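Could you slot chain B onto chain A? The hints should help.
2 protein chains.
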Amino acid sequence: MTGTDILGYAAGAITSLTFLPQVLKTWKEKSAKDVSLLMFIIAAINEVMWIVYGALLDNWVIILTNAIVLAMSLTMIFLKLRYNK
Amino acid sequence: MTGTDILGYAAGAITSLTFLPQVLKTWKEKSAKDVSLLMFIIAAINEVMWIVYGALLDNWVIILTNAIVLAMSLTMIFLKLRYNK
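First to last, the sequence lines map onto chains A and B. Per my numbering, residue 259 is the first one in the first sequence, and the count goes up by one each step. Per my numbering, residue 259 is the first one in the second sequence, and the count goes up by one each step.
What the hints contain is simulated information worked out from the structure, not anything from laboratory work. This structure is a prediction, so every number in the text was calculated from the model and none was measured. For each residue, glycine too, the CB sits at the ideal point set by N, CA and C. Just to be clear, a hint being listed does not mean it is correct.
Here are the computed distance ranges between Cβ atoms for each label pair [to be verified]: (1) B:V306 x A:L296: 41 to 47 Å; (2) B:Y341 x A:T260: 18 to 24 Å; (3) B:S289 x A:L275: 21 to 27 Å; (4) A:I299 x B:T262: 23 to 29 Å; (5) A:L314 x B:L296: 30 to 36 Å; (6) A:N342 x B:M259: 38 to 44 Å; (7) B:L339 x A:I321: 34 to 40 Å; (8) B:S289 x A:W285: 15 to 21 Å; (9) B:D316 x A:W318: 21 to 27 Å; (10) B:S289 x A:A313: 38 to 44 Å.
Extracted from the complex, chain A is given alone in its bound form (with noise of 0.2 Å):
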């Protein structure tokens, strides 16, 4: 594995928890009012567009952290949708 592997998989690894901090910030302090739904709309399609690539190429690292960003994507709309206030 070259240096630029690893850089690749530590870049994919941080993709995949990018929306963590928002999932965090939104459940602890209850209120979404600001957040934009079109954007994790728009990301959880996304995501799903990607899993199918991934599942096409047959590539497990695709798959997996599209999946995860897929969950924090719909996690933030069901939170935006509770907390829109």
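Okay, now just chain B, sitting in the frame of chain A:
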């Protein structure tokens, strides 16, 4: 170009625009209290990693899509610091 390739390019194009609805919402409403600053700081650092990765692979699709997301992340950091009320 196969159907799988087209799906990958379409998914990549949508990914590069994921943050746009949040940028537009915050720009319009001038309120970002509920938005996670940490999310966009992590995203910005992560995009720099992806741009370096793309440069090492000489892959302009990776470089350009992540440069777009980096620009939007930096815009959101600016808007968050300006409208954090």
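Going down the list of hints, with the structure as the test:
1. Our hint of 41 to 47 Å for B:V306 and A:L296 is violated, since their Cβ atoms are close to 26 Å apart.
2. At roughly 43 Å, the beta-carbon separation of B:Y341 and A:T260 lies outside the given 18 to 24 Å, and the hint is violated.
3. Against the hinted window of 21 to 27 Å, the Cβ-Cβ separation of B:S289 and A:L275 comes to about 26 Å, which satisfies the hint.
4. In this structure, A:I299 and B:T262 meet the distance hint of 23 to 29 Å, their C-beta atoms being roughly 24 Å apart.
5. Between A:L314 and B:L296 the C-beta distance comes to about 34 Å, which sits within the given range of 30 to 36 Å.
6. Distance hint for A:N342 and B:M259: a CB-CB separation of about 41 Å, consistent with the stated range 38 to 44 Å.
7. The hinted window of 34 to 40 Å between B:L339 and A:I321 holds, with their beta carbons roughly 36 Å apart.
8. The hint said 15 to 21 Å for the Cβ distance between B:S289 and A:W285, and at roughly 20 Å that hint holds.
9. Between B:D316 and A:W318, the C-beta spacing of about 26 Å keeps the proposed range 21 to 27 Å intact.
10. Separated by about 40 Å at the C-beta atoms, B:S289 and A:A313 satisfy the suggested range of 38 to 44 Å.
In summary, the structure is inconsistent with hints 1, 2 from the numbered list given earlier, while agreeing with the others.
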